[in-house]
Amino acid sequence: MPPWLRTSISLTLLLALLAACSPGQATEESSEKPTVGLFASLPIFWGEGGPSAILAGTERKDWVRSLIEKRFAIAPLDTLEAEAVDGVARIIMAQPRPLAPSENVALDNWVRQGGRLLIFADPLLTRHSELALGDKQRPQDVVLISPILSRWGLELRFDEDQPGGTRYISAFDRDYPVNLAGHFVLVENDGCTLSETGLLAQCDVGKGRVTLMADAAILDDDGSSPGRASLESLIAIAFDR
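When the letters of the sequence shown are read in order and numbered with mature numbering (1 follows the signal peptide of the UniProt record, and there is no 0), they come out as residues -26 to -1, 1 to 215.
Treat the hints loosely; a few may be bogus.
Unchecked claim - Dumping the calculated DSSO-like pairs for lysine-lysine here, alpha-carbon to alpha-carbon at most 30 Å:
| hint | residue 1 | residue 2 |
| --- | --- | --- |
| 1 | Lys44 | Lys181 |
| 2 | Lys181 | Lys7 |
| 3 | Lys44 | Lys7 |
| 4 | Lys7 | Lys35 |
If you're looking for bench data, these hints aren't it; they were derived computationally from the structure.
From just these sequences and the hints, can you work out the full model?
What follows is the structure, encoded as structure tokens:
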């Protein structure tokens, strides 16, 4: 087969794959399930290596994706601009990249209009990645979302003297696995409730609600109990209450 033909076929397959995974398509094909938008630097949806890994047959489906898809049809989001979040009722942000100023405004407006948002914001990511430093597909090592947090009266802090390694912290009557976790503090008490250690925060923002975890180690777990049960509980807290 000529090289140009192999390239053409690969591009065609990739475009078809991306189209099949677009938010609109996901909603149409999984109409029996509600849709949740996923905005993440962690390889939850595509797996490490992105769409190219799927084409190469080296993709491994993340257990977190499988857990989410038990209840929701996932719509992967590349941006949080107003046109991207319009019509989406729930969003999960997992160690997101820094947001553009317009995305901060759009996300805040979306929540205030009734959106439900779950954020995993890790100040020092401990998840291993095979991707080299500087690779655009590598997960965000340090989360940088201070502007949107300040809009909701929160600040994310990190204790450099804490012990490393996985441990469990109790928050809102549930134990969660963490590793070098951060903690939230209230800058302005404007509708936010913190767990005792500040690991979790829940904020009523306008007509919507934001649930935030100051760590992402729960997404590194191998999917066995109690990590799986803790994640299921957190998703229920964010979207069902």
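Cross-check of the supplied hints:
1. With a C-alpha separation of about 27 Å, the suggested pairing of Lys44 with Lys181 holds against the 30 Å cut-off.
2. About 23 Å separates the Cα atoms of Lys181 and Lys7, which keeps this hinted pair within 30 Å; it holds.
3. A distance of roughly 9 Å separates the Cα atoms of Lys44 and Lys7; the hinted pair therefore holds under the 30 Å criterion.
4. At most 30 Å may separate the alpha-carbon atoms for a hinted pair to count; Lys7 and Lys35 meet this at roughly 20 Å.
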